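Note that the protein sequences, when read in sequence, are chains A and B. Position 287 of the first sequence, counted from 1, bears residue number 287 in this note's numbering, the numbering being contiguous throughout. Position 401 of the second sequence, counted from 1, bears residue number 401 in this note's numbering, the numbering being contiguous throughout.
These aren't lab readings, by the way, just hints derived from the structure by calculation. Because the structure is a prediction, the values reported are computed rather than measured. Hints may be right or wrong, so weigh each one.
A short, non-exhaustive set of chain A residues, derived as facing chain B with CB atoms under 8 Å [stated by the list, open to error]:
1. 9
2. 12
3. 16
4. 159
5. 161
6. 163
7. 176
Cβ-to-Cβ under 10 Å is the rule here; a few derived chain B residues that face chain A [as the list claims (entries may be wrong)]:
8. 1
9. 5
10. 197
11. 224
12. 407
13. 440
14. 448
15. 449
16. 456
17. 457
Between beta-carbon pairs, the in silico distance windows are [as the list claims (entries may be wrong)]:
18. B/395 / A/259: 27 to 35 Å
19. B/172 / A/216: 55 to 63 Å
20. B/107 / A/171: 32 to 40 Å
21. B/433 / A/259: 58 to 66 Å
22. B/319 / A/207: 47 to 55 Å
23. A/224 / B/114: 38 to 46 Å
24. B/47 / A/46: 24 to 32 Å
25. B/262 / A/233: 52 to 60 Å
26. A/224 / B/42: 32 to 40 Å
27. A/161 / B/89: 46 to 54 Å
28. B/89 / A/224: 27 to 35 Å
29. B/433 / A/23: 30 to 38 Å
30. A/23 / B/150: 52 to 60 Å
31. B/114 / A/69: 23 to 31 Å
Glycine included, C-beta positions come from ideal geometry on N, C-alpha and C.
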Amino acid sequence: MRLGRTQATLLGAVFAVLAAGWMRPVSSVGGMPAELFFYRKMLWHHEFDVVCAGDSRTLLGVSPAAMRTAMSQRRIANFGFRLAGYSTRYAERAVELIDPATPRPLMLLGVDPHSLTTNAARNLDQPSTWMSLHPWRPGHFNAELENEFLWLAAQHPWEIRLQVQLGPLLAFFGRITTLDFSQLIQGNTRYPVMVAHEDGWFSSRFKQQGLERAVRFIPAMYAGNRVSPHVVAQLLKAVRRMQWRGIEVYGFRLPTDPRVTQLENQCSGFDEAAFARDLAAAGGKWLPFNDRDFRTFDGHHLGEDEAVRFSIALARKVEASRERPRNLSGRKP
Amino acid sequence: MTFNSFPFLIFAIVFYSLWPYARQRQSWRWFFLVVFSFFFYGWFDWRYLGLLLASGGVDFYAALAMKRYPERRRTLLWLSMSANLGLLAAFKYITFFTTNLNELSRLLGGDALVPVLYVFPPAGISFYTFQSMSYTIDVYKGKLEPTDSLLKFFAFLSLFPQLVAGPIVRATELMDQLDGVPSPTERQQWEGLRLLVHGYFKKAVLADNLAPAVEHAAGALHFIDSTPFWWLAALMLGIQIYCDFAGYSDIARGLGKWMGYEFPVNFDHPYLATSLRGFWMRWNMTVTRWFRDYVYLGLKGSRTSLWRSARNLWITVILLGFWHGANWTFVIFGTLQAILLTIERVTHLPRRLAKIPFLGRGICVVLVALQMMLTGVFFRAPSVEHALLALQAMLSFKSFDTAPIGSLFFAIPFLIVAILWEVLVFCGADIKTLERSPRFVRLEPLLLILMIVCSVYLRGLGTAFVYFQF
Numbered sequence: 001m002r003l004g005r006t007q008a009t010l011l012g013a014v015f016a017v018l019a020a021g022w023m024r025p026v027s028s029v030g031g032m033p034a035e036l037f038f039y040r041k042m043l044w045h046h047e048f049d050v051v052c053a054g055d056s057r058t059l060l061g062v063s064p065a066a067m068r069t070a071m072s073q074r075r076i077a078n079f080g081f082r083l084a085g086y087s088t089r090y091a092e093r094a095v096e097l098i099d100p101a102t103p104r105p106l107m108l109l110g111v112d113p114h115s116l117t118t119n120a121a122r123n124l125d126q127p128s129t130w131m132s133l134h135p136w137r138p139g140h141f142n143a144e145l146e147n148e149f150l151w152l153a154a155q156h157p158w159e160i161r162l163q164v165q166l167g168p169l170l171a172f173f174g175r176i177t178t179l180d181f182s183q184l185i186q187g188n189t190r191y192p193v194m195v196a197h198e199d200g201w202f203s204s205r206f207k208q209q210g211l212e213r214a215v216r217f218i219p220a221m222y223a224g225n226r227v228s229p230h231v232v233a234q235l236l237k238a239v240r241r242m243q244w245r246g247i248e249v250y251g252f253r254l255p256t257d258p259r260v261t262q263l264e265n266q267c268s269g270f271d272e273a274a275f276a277r278d279l280a281a282a283g284g285k286w287l288p289f290n291d292r293d294f295r296t297f298d299g300h301h302l303g304e305d306e307a308v309r310f311s312i313a314l315a316r317k318v319e320a321s322r323e324r325p326r327n328l329s330g331r332k333p
Numbered sequence: 001m002t003f004n005s006f007p008f009l010i011f012a013i014v015f016y017s018l019w020p021y022a023r024q025r026q027s028w029r030w031f032f033l034v035v036f037s038f039f040f041y042g043w044f045d046w047r048y049l050g051l052l053l054a055s056g057g058v059d060f061y062a063a064l065a066m067k068r069y070p071e072r073r074r075t076l077l078w079l080s081m082s083a084n085l086g087l088l089a090a091f092k093y094i095t096f097f098t099t100n101l102n103e104l105s106r107l108l109g110g111d112a113l114v115p116v117l118y119v120f121p122p123a124g125i126s127f128y129t130f131q132s133m134s135y136t137i138d139v140y141k142g143k144l145e146p147t148d149s150l151l152k153f154f155a156f157l158s159l160f161p162q163l164v165a166g167p168i169v170r171a172t173e174l175m176d177q178l179d180g181v182p183s184p185t186e187r188q189q190w191e192g193l194r195l196l197v198h199g200y201f202k203k204a205v206l207a208d209n210l211a212p213a214v215e216h217a218a219g220a221l222h223f224i225d226s227t228p229f230w231w232l233a234a235l236m237l238g239i240q241i242y243c244d245f246a247g248y249s250d251i252a253r254g255l256g257k258w259m260g261y262e263f264p265v266n267f268d269h270p271y272l273a274t275s276l277r278g279f280w281m282r283w284n285m286t287v288t289r290w291f292r293d294y295v296y297l298g299l300k301g302s303r304t305s306l307w308r309s310a311r312n313l314w315i316t317v318i319l320l321g322f323w324h325g326a327n328w329t330f331v332i333f334g335t336l337q338a339i340l341l342t343i344e345r346v347t348h349l350p351r352r353l354a355k356i357p358f359l360g361r362g363i364c365v366v367l368v369a370l371q372m373m374l375t376g377v378f379f380r381a382p383s384v385e386h387a388l389l390a391l392q393a394m395l396s397f398k399s400f401d402t403a404p405i406g407s408l409f410f411a412i413p414f415l416i417v418a419i420l421w422e423v424l425v426f427c428g429a430d431i432k433t434l435e436r437s438p439r440f441v442r443l444e445p446l447l448l449i450l451m452i453v454c455s456v457y458l459r460g461l462g463t464a465f466v467y468f469q470f
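Isolated chain B, as found in the complex:
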């Protein structure tokens, strides 16, 4: 079930009504969390619970075996990684691999080598396999003591707020919290409410009302060549994906806080970053951090020659792109990001531009946004051809016909609200600063009530969260 569905509302009411009783005793607490989380995930398709059990089971026992047979730690780590990546390959990338293998064979003049298997990836598979792998890797590195309790392990892995679309919570961040009796403080409850309201507003009001405009643009690729239309559509796409995913993360964190658990921040206004590197430090932070710690630093990061450091960056960023989806568009998206990050690293352009008085920071923010709008086309397009068509329209400057923009008008108020929100934060009106003002503290409940009313009545058509399919 999705956070913006009616069944989830009932699920949440039942869960939070029973939680104060269930949390008192440790084994009850873990059992309760596992049962509810499995129900939550099984709602998508109960057969996928087998995958969750398989992925988690391998890592749980591999970690225990590492403790018992330290001399075989490396073999066990490989076993765990192969099992998890194998599941990911089988359920997320198999269609991509078989299709491309056959295409390659055809290019070489041969026949199709293998039957193409159409498999729809189970919800959240990229998130929980990575979370599960991080557990084994941390045990392997000696950063974490493996748990003996299977219940506790699955309570960690399947905790429903973060199960299907992150944030990816590391075992080092959550295992200790699962041991104590969680008791949300008054402050945690308030912050939880704020995150939930902000999350639902971003998802239901902003992302879901921008989505039809983006869909409309995607369907108009073959017959609209107006440059302003495509720039506006690209801007809407960027904001839609941001609000969709940041909204999900906010809701997940809010639900966690109401349980008494703290999850890491996953989005920190990425469109206000003054460099592309900064953007990735603020976008889907837990996944970026995962790739940084386990891939980039695993390859020795930047503590090596300039050439190798650049190579490590490219591998990491292309893999990060490919993690998002089994399509060449995501590989190209990752490659473009790698090129731009390398240029940024070599030229130090953001640092130089930021020195321009008054306007420097603003110019940097706009430049980063432009880069993301251009490369983001590959993120959204169903095929490379579609992406190239859109890019051609954006960059050809052949037609400045403003008439097609009319078809996007209905989404413009929501785009303005989203941009204004970011502009306010850019000007220093972020929540931490505002909290210091007594007037804001008094007004905030009214603001939240208004946002709840908007989330109910101005919601868009309830689409699934974009990141579910990753």
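Same shape as in the complex, but just chain A:
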């Protein structure tokens, strides 16, 4: 059979794509492919004892594996997403991850001012929800930063399953980013610079960066986008619902550079002490951390080593402040 020019070119392209896949540089993301990593999170359902929710600070800063070393519970998940906000939907989805059969379910809420803004939580709680859910990026053309959970939640479930099933194959065809090239050129000794872990942690090995950039975009981030009382009220309502379902809830703020914390509070109107009181009133517990005990790599996020240290500290604090299960006589065992 004689191939036409079109068919021959297509066949040639198949071979070239496969060859390029074999020869491609190592990805800057180690572990699981980054895209598959987030899709997999969306399929988690009723399989954990402990769930950590939050935005990129939680995503990068909480290692379930490290927490396991200091906790009695084994099945721990990091359900953090970049720019995730506490919409009702996000909070409810996080609850769905907990195994109903687990004896002492636990929800850890990584809270920072941005996760409580309207922009971070927007769209999913609007009245015309069915109109807002779209398989392309909502607000793609807007200047606001995007909530990654929202984007994934808007994907067709079948599409997510397909993406996960064919993950290894798709990983072969994973894109080569400019970051990959620049890291290779710079000769980063800790390559890959990010590692996507099975338990939902995205560890980062970026070099230390100056604070100037970290501080510069904070005022813009919160311009017209301060902490929303409505979002806070929704979160507290979700916390009460979690309590009714027998889930213990703890809130914490990931350590950031003290200057970042101060400026964020100032620009966003976030009052940590007041939030802690409200959380307690809703049945949760606030776990305070000192910013000076941990070092971020960019003012906002913890690097791999610090995240491990922080996760152990978090797990210890949780264990220390948890009520011990009471036996039938009401006495602690």
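Given the coordinates of chain A, work out where chain B should sit on it, guided by the hints.
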């Protein structure tokens, strides 16, 4: 589903595997096209299929009724237009109208008059309602015989490659093609492949890698005032939107060719136009042509007094701007285009500049690009305030700090490739000329293979096509 998604790859493999069998019999062919096209559109949200059916159904029966009751043609046309524009108003412009009505009421000291309705416009609604309307208008004008087959009509209206973002194919261009048994020739297959590869390269490699830089700039409006940064961002924005939409059109045309159908060209290197008028003759050509034929010429175009002709131009261009989106930014974008087009028409500046030896054409191209970069800010900005902030930074020349440009560096290689591509065409290396060279004919398969490899591995983050939301 979008052309750059994994489900579409599977969809396309299934469709093109069955197409050689399905195309043989007429009724089977139309049925096959309708089923696959509805599946393609329903993937976004199956509930929107109702809109497609409603918009098409009204026009199909209105056109049939025009044939049966010619004396009521005008009434039927109005009925069809009202239904289509009503759908468009309800699903695309309702948020804009209700918000502005309340704002106006507040300005006059009153309370909100109506509840604000948040409706996310269904994908491609502006495209298929316009395509459907053109069918009725052409039947009304006697240019087209209405079809009796509902299947054939929906095969025309919903044909998946051009359904959600054009090109807007007129019934006069496609209906006849749907009658015959399509059999793509060897040349059509090759041209289809070339269009697909060029389209995916423009979208996945160029537009999607420029998009994060543009997003970054949009997020930096409040704290970067460097003039060079904003000019570079505006250039990236212009190229991103062009590559995104031209890429989509190329893919749509390529898919059409593989089916054996020809769709009209939608982009013809608009950034090489030597006048603003020329730019609009080369940008989104099928939509511009729609507005020219049904709005501008409907108002008697330029065959009237100078004043009325200018008025017709303004109405057409402002409506064209508003067609792009329900936001004041698009109205301002259209108005600015109308002002610039009027100045161009009165002064004949491009014609005069083009006479400058050696440099004339180049100067004209740069001037058009500058106009589009400045006005394009309104096209992209989420609000008028944002657009004015960006324009202020571009035109104030207060800060020449080059440090912020560093944050756009990652996208610069892609910008250079896109500009080089256009420069090559400007210098005469367009595909029609190159095809005459035997050496290029030999090398083109290798070039296409390289572009496919780049589209797979150097693709940006797969964002939806920009024009989907129009």
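Taking each numbered hint in turn, which are not upheld by the structure, reported in ascending numerical order?
-> The structure conflicts with hints 5, 13, 20, 23, 27, 31, although it agrees with all the remaining ones.
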